[in-house]
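Asks: Sequence:
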Amino acid sequence: MNTGTVAPIFSIIVPVYNVERYLEKCLTSIANQTLKDIEVIIINDGSTDNSLEICELFSKKYKNFYLFTKSNEGQGVARNFGLDKSRGQYIIFVDSDDWIDENLCKDTEALMRASLADFGNFGLDFIGEEGNVIKKFTYFNKAPYYDKEIFHKALLDDGILSVSGNKVYKRSLLRENGIYFPPIRANEDIYFSRAVAQSSRHCIFIDKIYYHALVRTGSTSRKMSTGIYYATKSLIDYEENHFDLVDSYTRQLFNAHIVKLWTYLLIQGCFRVDGEDEFSKCLDIANEGYFGKYSASKKVTKHLNLKNRFLAFLCRHPKILRFSTGLAAKFKIFPY
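When the letters of the sequence shown are read in order and numbered with my numbering, they come out as residues -2 to 333.
These are computed hints drawn from the structure, not numbers from a lab.
Because the structure is a prediction, the values reported are computed rather than measured.
A virtual CB, placed ideally from N, CA and C, is assigned to each residue, including glycine.
Hints are supplied without guarantee of correctness; some may be wrong.
[Said to hold, decoys possible] Heads up, simulated DSS-like pairs for lysine-lysine below, C-alpha to C-alpha not over 25 Å straight-line: (1) Lys33 x Lys103; (2) Lys150 x Lys132; (3) Lys278 x Lys230; (4) Lys205 x Lys33; (5) Lys145 x Lys103; (6) Lys22 x Lys145; (7) Lys299 x Lys150; (8) Lys58 x Lys33; (9) Lys230 x Lys304; (10) Lys150 x Lys22; (11) Lys103 x Lys133; (12) Lys58 x Lys22; (13) Lys295 x Lys150; (14) Lys205 x Lys133; (15) Lys60 x Lys22; (16) Lys290 x Lys139; (17) Lys296 x Lys145; (18) Lys82 x Lys103; (19) Lys304 x Lys139; (20) Lys327 x Lys299; (21) Lys150 x Lys205; (22) Lys139 x Lys150; (23) Lys58 x Lys132; (24) Lys22 x Lys205; (25) Lys230 x Lys290; (26) Lys278 x Lys290; (27) Lys132 x Lys67.
[To be verified] Between beta-carbon pairs, the in silico distance windows are: (28) Glu17 x Ser294: 19 to 25 Å; (29) Asn284 x Lys33: 49 to 55 Å; (30) Leu242 x Lys327: 39 to 45 Å.
Sequences and hints are given; from them, build the entire structure.
Replies: Structure representation (structure tokens):
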């Protein structure tokens, strides 16, 4: 890897694990960036298919593509590995089955420099394997956030989404505050996005879609089992130990975040968890993770919008929830 004294403007970090069908499109979109002062750090996380061979082709073809291979430890650990290897002024994470707009680096660099923001949020969409747009987040219509407001807004996904891919980060922010992904194999983005928000003093919003996330059958993020619920409970414990929740207002927002997160997973589980017994176990795990306690508190739920309060109410009444989602499924209405 080039260790010259002049750091590139961007480091783009790409963890790779068994994505041979999608990897070329991802890496090509990065190679086609109109701003060329970038380094691309590819971490082959123990792939067992032809992903490594594809990575090798790109690292040989492009002198600014650097390939590292390690044993499989999960996406978060792989990203952390890439962070430690990075030298860029700004960091972007790209999942290896997704792709980015060719002007992402050029456009965001100009806006980040002009604003002096710690991180920037830009639009993204979710694309099915047939090319259909399933959902998109593009029009933020928000002024910049500052100081503690950033963390408070991030706790409730208010403009600051719980994903790492639709953001550009100052590398100095991550390094000076020791911000890394947690050592868990699910929901690592949720913690990371909020850890960034907690340490930031200024963030901006860019009203354009630059990131395209593939929704594919069989991907980790689409599977639902008790494992996801146990991982979420571990995530909440991890957040409790790493976030500053001393003042009561921040604590209430954090508890509202717990309700909103469990609500999302329980509704998803109605569509993706097989059988009443399995779903009942998922609900028990959620209640062990304080869903029942906090979803029954008006002091907590008042911080949620009307839609999320209603959905949380449904989740507190599983028979009604299962009936409602079953009816939605009959009309082919599914969550993305």
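Asks: The structure should be examined with respect to each hint, and the outcome stated for every one.
Replies: Evaluation of the provided hints:
no.	hint	in the structure
1	Lys33 x Lys103	holds (9 Å)
2	Lys150 x Lys132	holds (21 Å)
3	Lys278 x Lys230	holds (13 Å)
4	Lys205 x Lys33	holds (21 Å)
5	Lys145 x Lys103	violated (29 Å)
6	Lys22 x Lys145	violated (38 Å)
7	Lys299 x Lys150	holds (15 Å)
8	Lys58 x Lys33	holds (15 Å)
9	Lys230 x Lys304	holds (24 Å)
10	Lys150 x Lys22	violated (34 Å)
11	Lys103 x Lys133	holds (22 Å)
12	Lys58 x Lys22	holds (15 Å)
13	Lys295 x Lys150	holds (19 Å)
14	Lys205 x Lys133	holds (11 Å)
15	Lys60 x Lys22	holds (18 Å)
16	Lys290 x Lys139	violated (33 Å)
17	Lys296 x Lys145	holds (20 Å)
18	Lys82 x Lys103	holds (22 Å)
19	Lys304 x Lys139	holds (20 Å)
20	Lys327 x Lys299	violated (32 Å)
21	Lys150 x Lys205	holds (20 Å)
22	Lys139 x Lys150	holds (12 Å)
23	Lys58 x Lys132	violated (34 Å)
24	Lys22 x Lys205	holds (21 Å)
25	Lys230 x Lys290	holds (14 Å)
26	Lys278 x Lys290	holds (17 Å)
27	Lys132 x Lys67	violated (34 Å)
28	Glu17 x Ser294: 19 to 25 Å	violated (48 Å)
29	Asn284 x Lys33: 49 to 55 Å	holds (52 Å)
30	Leu242 x Lys327: 39 to 45 Å	holds (42 Å)
Violated hints, listed in ascending order, are 5, 6, 10, 16, 20, 23, 27, 28; each of the other numbered hints is respected by the structure.
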